[in-house]
Each structure stands twice: as structure tokens, then as C-alpha cells.
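Top to bottom, those sequences are chains E and C. Using the numbering used here, read the first sequence as starting at 30 and increasing by one per residue. Using the numbering used here, read the second sequence as starting at 30 and increasing by one per residue.
Hints were generated in silico from the structure; no laboratory data involved. Take the hints with a grain of salt, since some may be wrong.
The list cannot tell twin chains apart, which means a pair is met if one copy fits it or any two copies do.
To be verified - Restricting the straight-line Cα-Cα distance to at most 16 Å, the calculated cross-link-like pairs of lysine to aspartate or glutamate (EDC-like) are:
id, residue 1, residue 2
1, Lys72, Glu236
2, Lys204, Asp68
3, Lys204, Glu181
4, Lys386, Asp84
5, Lys384, Asp316
6, Lys234, Asp207
Please read these numbers as outputs of a predicted model, since none were measured by experiment.
Number of protein chains: 2
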Amino acid sequence: MKIFVLGGDGFCGWPLALRLSANGHDVVIVDNGSRRRIDEDLKSGSLTPIADLKDRVATWHEVSGRKISTACINLARDYRRIRNLLVLERPDAIVHLAEQRAVPYSMNTVAGGRYTFSNNICATTNVMMAIKESGIDAHLVHIGSTGIYGYETLGYCVPEGYIRAHLHADGSPSKALDILHPANPLSVYHLTKAQDQLALAFFAKHEGVRVTELVQGTVWGTQTEENVRDERLINRFDYDAVYGTVLNRFALQAALGYPLTVYGGGGQTRAFIHIGDVMRCVQIALDNPPDRGARMQVFNQIAETMRVRDIAALAAHVWPGVLVDSLHNPRDEPPSNEFSLSNEGFRSLGLEPRKIKDGLLAEIRDVAARYAHRADRSVIAPVTSAPKRRTVRKRPQELGLTN
Amino acid sequence: MKIFVLGGDGFCGWPLALRLSANGHDVVIVDNGSRRRIDEDLKSGSLTPIADLKDRVATWHEVSGRKISTACINLARDYRRIRNLLVLERPDAIVHLAEQRAVPYSMNTVAGGRYTFSNNICATTNVMMAIKESGIDAHLVHIGSTGIYGYETLGYCVPEGYIRAHLHADGSPSKALDILHPANPLSVYHLTKAQDQLALAFFAKHEGVRVTELVQGTVWGTQTEENVRDERLINRFDYDAVYGTVLNRFALQAALGYPLTVYGGGGQTRAFIHIGDVMRCVQIALDNPPDRGARMQVFNQIAETMRVRDIAALAAHVWPGVLVDSLHNPRDEPPSNEFSLSNEGFRSLGLEPRKIKDGLLAEIRDVAARYAHRADRSVIAPVTSAPKRRTVRKRPQELGLTN
Chain E
30 MKIFVLGGDG FCGWPLALRL SANGHDVVIV DNGSRRRIDE DLKSGSLTPI ADLKDRVATW
90 HEVSGRKIST ACINLARDYR RIRNLLVLER PDAIVHLAEQ RAVPYSMNTV AGGRYTFSNN
150 ICATTNVMMA IKESGIDAHL VHIGSTGIYG YETLGYCVPE GYIRAHLHAD GSPSKALDIL
210 HPANPLSVYH LTKAQDQLAL AFFAKHEGVR VTELVQGTVW GTQTEENVRD ERLINRFDYD
270 AVYGTVLNRF ALQAALGYPL TVYGGGGQTR AFIHIGDVMR CVQIALDNPP DRGARMQVFN
330 QIAETMRVRD IAALAAHVWP GVLVDSLHNP RDEPPSNEFS LSNEGFRSLG LEPRKIKDGL
390 LAEIRDVAAR YAHRADRSVI APVTSAPKRR TVRKRPQELG LTN
Chain C
30 MKIFVLGGDG FCGWPLALRL SANGHDVVIV DNGSRRRIDE DLKSGSLTPI ADLKDRVATW
90 HEVSGRKIST ACINLARDYR RIRNLLVLER PDAIVHLAEQ RAVPYSMNTV AGGRYTFSNN
150 ICATTNVMMA IKESGIDAHL VHIGSTGIYG YETLGYCVPE GYIRAHLHAD GSPSKALDIL
210 HPANPLSVYH LTKAQDQLAL AFFAKHEGVR VTELVQGTVW GTQTEENVRD ERLINRFDYD
270 AVYGTVLNRF ALQAALGYPL TVYGGGGQTR AFIHIGDVMR CVQIALDNPP DRGARMQVFN
330 QIAETMRVRD IAALAAHVWP GVLVDSLHNP RDEPPSNEFS LSNEGFRSLG LEPRKIKDGL
390 LAEIRDVAAR YAHRADRSVI APVTSAPKRR TVRKRPQELG LTN
């Protein structure tokens, strides 16, 4: 299969390009280096030493004998170039990860918010317009976010994309309808994912584009089977307050002897998936495209949901004696929530996802420890636009951990 | 009140700027002339001779003694200019009509679709980011479209914005929730309005922007009390197949002795409102802003719903002997639908909307007849990207008219 990986130089995109290549697919990475430029702007960077994209694909060729092509295209702006590349290459599938993915980046500055809107929405719509105009029948696999469902307590397990509903007007319930699960984004980033979803559903329904939407939880971990084959293939490890997600930040904070930072009581429940399972899920999605003309197919791409404070408790087993700093939460969300999502779609297709407690924290502990000397300590503390509030330092046990 | 009218040189924007000025408000028109440039690109134009914006506001000053300021800003691109103007002028309210509004323009060409996406979504998000960054407390009134609800038979009267729902997961219904009415856009244009609505709801909920969304039906008619005060104040009258809406097109087709063109059996039900009532509705909305921190306020801005073939039947009374050409419908929609919407919000605030059958067709008949000599006959037939199909010519009675 010929597969385009849009955003193939990024945290999920790069290991995915390798995995798909290792699985025998003909892979084309489309990436404009946006994530690397944001690193420069934020004066942050990956803890792991990431090679530039040319070296990455040259190393992969050296190690595996397989070629990955690359194209530098700004998908939100260079419509003609992506359309022409589709016409030339006629991919069977396109995995679209070319979106700005950090909540804080989308919320901390006006420029970051505006970039997130224009990049994410225009990239997605340009890709679909280009599929339509080029006349190819590529299966578009888009990476969404569990944040579109909102992180409030819903009282039910969120199904995959659609939910059966009775609507009440004129004093009586309507017939049962399957509607897209109502969106409740808490950040500009998540808002763009909800807007994307409307556009994806439209192009599936009215333009015959075959679309699979993967509603993905927070990805943790660093390395896959392919990334470890050579240090020049190593994946990103973000630990700064903007792009670093909770598990990687905990790992590095602990490795350097800092307290772990959580917002409030750490009662926020989030959905998680290990990067290795992301690889498996996308391959399963590619193997199971919807029919042309079918509605957008949606899978929840998650392994489990956990409270942040319970993750801190697991971390306390890996790094005994670690402390926890409780900070004011700059996000407009409840202090704690119950949140569960179905992942029956991928499970029914054979996925057995790995959990955080399955000893996998050791992997990120080892990566964090190995490269801790490269860390810029100035970017470890959270930086937000919210007013400074009192910080409370505790042992993990004192947070009311349930694990 | 100081009020910005974004898109104030357009079909609804221009008479609105005049009305708000006549009502004693301090009006600033922000418009980049996009609609006039599209006229040039499409080689179409208003049937009525519209003066350029400078002459328009100079005439208004001459006629009324009142000043309207203007600023030429591309809202989707010139973020800094709109933010700086907000900081300088500190408007109390902003009416946002600066969006590409023609369904065919958004669907017939890739360039039109891409412009509709990038212009509409980036304009809306830039305006809200600018309100947030400038720190002003302006009430944002956005013009949406009834097309976000979809033109399928729903079996109930569509309430205003939100609908009470029971969601079914885990085998049992959830508690009752008020959700945004599910979106079901049939065109790129309507999709952008659905995406806008998510963004408007987000900025109301999380950024404290006071937002009113006016879900507007198809606007018909041309002139308002203010437009008729001088010919140089005349409003647009679009009759081409891209921007001309059904009533104006019927009027000109009849005035020139052409058959009226309908898609299929003309069974499509649409929502309508006269331009004079648009003026009243927006003034009512401005007089009734939501509180800061309240959820987005939504009104359905419509007078009535009618089938296209029933409008043709009314036209047959105004233009006896007129014929109807039934064309293949290029849109992906059912051949006929039942569709009703509540307009209780505006009614409860005093609106008594005028209906098409209230003799108002005479106004557009007179405008069409008066300027028929200016018509470009080549743009009167529908032009779409759909394959040519057989045309069936009938008398209105033969369409199975119910009126």
C-alpha cells in the first residue's frame, strides 16, 4: 500500500512512518518542519537528540534497506503542492497528523491560538479538497482527540463517535437518531479537532471520501521497535510545560529530583495510550477502511482512563520518595471528573492495549534518566498565562491517591 | 452605542449599517470589498447599480447628516489591524456578516470552497481572538444559517440553537441535557457556519465573550426605508445563479419573460425572511445581549418556511402565465422535505415578521422590472458543476403546487 504520513516528522508521525515502512508499505512523509520551528520559538526541544528528517530517513534506509520519501509542504497554505503530489503519487491511504497538538500552545498566546486555528482547520480541509479534486480514492485516517468530548463527568461510557439520541422538541421525543457525540472542547486545540470532525463527516457523507477518525487519548512513551534500532532513529521526548504530556514530564521531573507538578488535587481523569499501541491502532484502521459513500468511521484510540493523581501514585513506585507540587489549574474545567470511553472498536479488531501499570513506566524512566543531562531545567515548571497562585507540596499519599 | 458592522458593504450589511445609523448608533463599517471582487471574478454583478462604498457613506451623510466610518480590513488575514481598531474604537457591539455566503460559490470550484473555509473560519476566530486580546466587552452578533440544521425532514419544529436530548449509552438513557442542535450541513458554506457555531459557543463559555448567534433563513427583498432615500444608497440585487437567491431570481426571470427555474419538483422547503425583518431582528438582538459568562444566545432569524414550488405558485399570481423549468438538482439532498423552525425568541421580543404572501413580492417585481435592462442574460440560468440533465418545462399548476 502507498501511504502518505502527514506530519511524519512528529512525535506520532515519525514512529508511524517507520512502522508502516517496516510493515512493507511504501511511505511518503509530508511535513513542513513546523514542530521543530515551534521548538526554536519556545526555546525548548526534545530531551532525546532527534536527527534531522534527512538523516532520519537515510538512517532508516541504512538499517532496514527500505526507502521513505519526504516532501516539505505547508498543508494549510500550499494547496496546489499537496494536490499535485496526490495526483502524482496516488496514495491508497493518507494518515493525517499534521496539526498543532499542544493545548497550552493553543491557549497561552494569541499567536499560538491563531496558528492552531488556521493550521489545523485549513490543513484538514485542504487535504480533503485535494483528495476530491485529484479524484483519488485514498482512505483518509485522521487523528482526533478525546478532548472533543470534554473532560466533564458524563455519567456514561463514551461510545465511538456517534451516540444514539432522543431529541425533545414540541413536547415529545423524536425518533431515535445516531448523532455525532456532542462536542465540548475546553481549549482552542480541542475546538479545532471538533471543527475537523464536522468537516470529516461532511466530506465522507457528501463527497465520497473514505474517512476514519481516530479519537486519540494522551500518548505516552517514546520508543517503538523501529525507533530503537539506531540512535539516529530516536523519537521525540517532550518535557517542557507546553508540549510535554503528563507522563513524560513526571519521568523527567523525577529523574532530576524535582517534585512532580499536578494541577489542583490531580483529580482530572484523562485517556491514555502508549505510543506502541498508536502504531498498532493506525495499522488496524488502515486494514479496515470504510466503504466509499459510508459515513465517517470513528474509533476511540485509547487504552485506559486514569486520574492524574493516580499516575503520580504509580510514579511514586518507580521513583520512591518523589514529592508532588499541587498548582492552580489554569484550565477552565472541573477540579475532578469521571470519564470513561469505549475502545470496543479496536478491541474487536484484535487490539490488546498495554496499560501504564504494566511496568511500562520503566521505559520512560530509562529514557529520562539516560538523557537527563540534556534537560533545560528552566522549562520544567508549568508556564501558563494564568495568574501565579500558591503551590502546595505534598507526598503522593497525601493527595488522596486511590491507587 | 458604537457598533462595528463587519461585511457592512454587503447585501445585509449595507442596509444594516444605514438602519443602525438611522437609529442613532455610531457605526463603523469594516469590509475588504471581497463581494465586489467576486462579482468581477464571476463576471456577474448586482442588477441594481450599487455605488462604491465611499459614495455610499458620503450620500448617507448628505441625506441624513450622520457619519458612518469605514475601514478596509481582511478579517481572515489582517489580525493586527482588526485588533488595533477594536482597541482604538472600543465598540459596544460587533455584527459579523463578513463571510462568503453563497452555497454554489462554496461548492462549484475548489478555489471557491477553499476561500469559503479559510475566509469564514479565520474571520470568525480572528474577531473573537481580537475581542479577547483587546479586553473589550463587545457583544458579538454573528449571522449563521438555517442550513446548519440540514434540509432533511426532522419531524419536529427546530428550536433555537439548543435542544433537550437524552443520550443512550451503556444501554440506558442519560439524564436530559441541552445540547447544540446536531449539525447536518449540505454544503461547504453551511459547514463553515456549523464550525463557526462551535467556536462561538467555545468563546462564550470559556473566554467570556458575549455572543448572540442569529440562525438566519434565506433573505429576500432588496430595499429598506433607508436604502430608498437616494438611488446612490440602493442595495444589491443578485440574480445570477451563484449569489441570486430563489425569490430574486424568480422576479428577474419573470420580468424578462424567462421560465422560473426550480430543482426537481421544487419540493425543497427553505426558511425565509425579508430584508426589512433582518434589520429589525439585529436591532432586537443588540438591545438584548446575553450576560457576560452566559452561554451563547441563539435565535432563529426566520419569518416562515415554504416549498420552492409554492413560491413559484405565488409568483404565478404576480406574473400571470409564467412557466417553470424543472432542472436536475446538483445538491446532495432529498427531493422534498418538511422543515419547520421556531422563531419564538424574536416573536417574544416583539417581532411580527412579514410573509412572502403579504404582497411583498410586488417590491421585488418592481425593482426587477425597473432595472431589467441592466440584466446580463447569460448569468440567469443555473450554472453548476453537476452533469447536464434533461430540463422539463411546466406550468406552475403542473408541479403539484399546494398553494
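Going down the list of hints, with the structure as the test:
no.	hint	in the structure
1	Lys72 - Glu236	neither (42 Å within a copy, 28 Å between copies)
2	Lys204 - Asp68	neither (51 Å within a copy, 44 Å between copies)
3	Lys204 - Glu181	between (27 Å within a copy, 14 Å between copies)
4	Lys386 - Asp84	neither (35 Å within a copy, 72 Å between copies)
5	Lys384 - Asp316	neither (24 Å within a copy, 55 Å between copies)
6	Lys234 - Asp207	within (14 Å within a copy, 26 Å between copies)
Going down the numbered hints, you'll see the structure goes against 1, 2, 4, 5, while the others check out.
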